[in-house]
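K.L.:
From first to last, the protein sequence lines stand for chains D and H. Residue 80 in numbering that gives the first Met the number 0 sits at position 81 of the first sequence, and the numbers go up by one each step. Residue 230 in numbering that gives the first Met the number 0 sits at position 231 of the second sequence, and the numbers go up by one each step.
Keep in mind the hints are simulated off the structure, nothing from the lab. The beta-carbon is built from N, C-alpha and C at its ideal position, and this holds for glycine as well. Incorrect hints may appear among the rest.
Unchecked claim - What follows is a set of in silico ranges between Cβ atoms, one per label pair, in the way DEER data are often shown:
| # | chain 1 | residue 1 | chain 2 | residue 2 | range |
| --- | --- | --- | --- | --- | --- |
| 1 | D | GLN153 | H | SER122 | 31 to 37 Å |
| 2 | H | GLY224 | D | ASN291 | 49 to 55 Å |
| 3 | H | ALA43 | D | THR408 | 17 to 23 Å |
Each chain, letter by letter, is given below.
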Amino acid sequence: MTSLLAGLEIARQALQAQQFGLDVTQNNIANVNTQGYARQRVALTPGPPGVQYDCQPNQGVRVGAVESARDSFIDYRVNQELSLQSQLDTSSSVLQQVEALFNENSDSGLQSSINTFFNSFSSLANTPEDASLRQQVLANGQALGAQFEQVYEQLQTIQQSQDSQVADTVNQINTLTSSIAQLNVEVAAARGTNNNENTLRDQRQQLVDQLGGLVDISYCEDDSGSLTITTRQGASLVAGTTSNPWKTVPSPALGNLLSVYSGNTDITSTIQSGKLGGLLDVRDSKVTSYLNQLDDMAAGIISKVNAQHVQGVDLNGDAGGNFFTPFVQQTPGSNQGAARAIEVAISDPDKIAAAGVGEGSGSNTNAKLLADVQNQALLLGDSANLNQLYQNLIFTVGMDSQTASDGLTTQNEVLTQLQNQQDSVSGVSLDDEAVSVLRYQKAYQANCQVISVLDTLTDGLMKIFGG
Amino acid sequence: MRITEAISYRNMLAGVESLNDKLEQANEEVSSGKKLLNLRDSPAESAENLQLNNQLGQLDQYQSNSDASSFYLQVTDSSLNSLYNLVTSVYSQGSAAASNFNDANARASYAADIRSQLGQALSLANTQVRGRYIFAGSKVTAPAFTAAGDTMTYQGDDDVNTVNIGEGLQVHENVAGSAVFSPVFTAISGLLSAIDSGDQGAMQTALSQFSGTLATVNNVRSQLGVDLASVQNSATARQAEQTDIQQRQSTISSADMAVALTQVTQTQTALQAALSVGAVLGKQNLFDYLG
């Protein structure tokens with residue numbers, strides 16, 4: 000100690016340092032429930048060494064830096080898993096909506112309509128000339144068409160809803176990337192100034208996590224402290240202080256559903272996970288596949304029933320015409336739209352060709368064959384009948400939903416574990432902070448004691464020399 | 000591992016959410032009595048359940064077809080039974096008419112009776128049920144036979160409908176009148192012609208055709224019997240199949256109430272425990288002990 004007054008200065012600095020430590024601790028406690036907040040610690044450093052005497056102690060304590068407790072590897076892993084969790088959450092939620100449309104565990108549904116329609120031909124075969132049975136066949140044919148159309152349109156509604164969410168999600172991504180680019184600027188400016196850098200980094204990491212929930216991303220920090228963010232397939236999102244806004248454009252190839260563009264590049268198929276990945280997967284892969292299967296089934300029913308119907312003779316002895324309005328493919332090889340095109344082509348029940356050629360009106364030859372269309376292995380390249388095709392669809396829908404649901408359960412557990420690890424490093428523990436409060440409080444009290452002692456000594460001196 | 004308040008709350012929340020899910024699932028099983036509530040609960044069993052529903056629907060349709068065919072077969076058999084009795088009666092009267100002791104008046108009287116029975120046979124041949132002439136083949140909207148004097152002309156065709164009453168199992172639904180009534184009418188009209196002419200030799204010749212005619216009626220009735228037996232046998236087989244399918248469906252889709260209720264109780268207990276722990280969480284940290 001060089002002088003009593005110098006000692007007072009050291010004690011004053013120490014009081015300030017402990018006070019600062021208490022402030023930081025208080026801030027930690029205040030943010031105990033703040034999402035994305037990483038606990039902070041004051042790095043105290045000894046003051047500079049004294050210069051007047053050898054072996055003189057350092058000149059008190061200084062506040063070195065306020066450090067944020069973060070493990071960038073765990074933060075990155077959490078971000079990656081958030082992406083997958085969000086994708087599975089989105090998929091599972093949408094697929095459960097789809098499931099409800101095909102819930103054939105109940106007594107109604109598309110299968111029931113299919114059975115009713117073909118059974119009405121079987122009933123007609125019992126009394127082929129019966130007018131009420133003929134009317135029943137027409138009514139059930141119309142009901143079948145209505146049921147196909149209803150399920151198809153409900154699926155399309157779900158698909159359209161996904162499409163709207165794609166646009167919303169891309170907007171959210173653009174907002175986030177813009178904010179992150181701005182924070183990159185602010186982090187770089189605050190770097191080394193000990194001025195809000197940690198808070199800015201916390202804010203940025205929180206936005207990066209939100210972004211990771213929307214789309215699969217990779218990111219890295221450069222020397223200036225700026226983050227560069229791309230999708231895992233390399234599409235740029237944020238490059239330093241600049242964000243690269245994406246846009247959505249209706250795509251004729253996808254039936255005017257939205258494609259996602261980065262600049263002039265269509266990156267729709269490269270997005271793997273995140274909410275956007277989940278939306279696109281369900282919209283473009285799953286629901287489209289279900290719609291296609293419904294279309295194929297509908298086209299098969301129309302063509303096979305018509306092919307059999309024209310083989311018969313109606314109640315007036317005339318050759319049978321088409322039972323359903325024939326479906327014309329808009330694109331060769333594609334049955335798209337067939338499920339909405341099942342329309343009974345005849346309105347006069349007498350025109351139902353239940354009889355065989357050369358037989359009277361009481362013949363049921365063709366009615367039986369029409370009923371049997373349901374069991375013929377005529378669809379999917381002669382490998383499956385109508386019932387098997389529909390069972391495959393039911394199984395696929397159930398399996399897709401189960402896979403997403405089970406995956407989500409697992410992913411939630413993985414994410415919980417990782418977030419726990421992240422909190423273990425970065426989270427605020429009230430026990431820790433209580434200890435810090437005690438520590439700073441005791442240090443503060445001790446320094447007050449030092450000041451008190453110095454004050455006593457100074458008073459003594461003052462009295463000796465004149466007081 | 001350093002445990003923070005957030006970790007404790009997150010773990011508690013995850014545990015409670017998971018238990019709530021399980022409780023909801025178990026409650027739904029108990030209240031609905033179903034195990035397969037959603038397709039995702041078991042896609043394979045859901046698809047199988049659908050297939051079983053199809054099979055049950057098909058069995059119902061077979062039952063409906065059986066009922067329809069059985070009705071027509073019984074009406075047909077009843078008509079042919081009447082026909083058989085009628086032909087037997089005609090034969091008796093024809094035999095009496097062929098006696099040496101009959102004079103022209105007596106033969107005319109026999110002929111009148113036989114003509115009356117011929118009319119009854121025609122009526123049987125034109126039996127109409129539910130608006131269809133059942134002996135007209137597929138031309139069911141017009142009478143099977145028309146009469147011109149003692150001569151009956153078949154207006155129908157030889158088509159016979161079959162209906163499906165089981166997997167690969169068909170029965171006839173009708174009998175073409177030409178196969179059974181035409182020989183009868185031919186025999187009776189031949190007999191009447193002989194009686195009218197008083198030619199005893201011709202009468203005997205005509206009567207000799209009756210045994211073949213009766214045999215034809217019997218044969219057709221035998222076939223009807225076979226079809227009716229098939230209908231009855233198929234009903235038994237169908238019921239057995241229906242029971243098997245329903246048992247399988249029950250195994251697949253019905254909730255095991257004992258298991259489901261136990262699950263509810265266990266989960267409720269676990270949930271109460273988790274919530275109790277959660278209630279303690281916010282009360283314990285070092286600040287509680289600092290003065």
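K.L.:
Does the Cβ distance between H:ALA43 and D:THR408 fall inside 17 to 23 Å?
P.N.:
19 Å Cβ-Cβ, so the 17 to 23 Å window holds.
K.L.:
I want to verify a distance hint. Is the separation of the beta carbons of D:GLN153 and H:SER122 within 31 to 37 Å?
P.N.:
Violated: the Cβ-Cβ distance is about 58 Å, outside 31 to 37 Å.
K.L.:
Could you tell me whether the CB distance from H:GLY224 to D:ASN291 stays inside 49 to 55 Å?
P.N.:
holds, 53 Å
In summary, the one numbered hint that this structure violates is 1.
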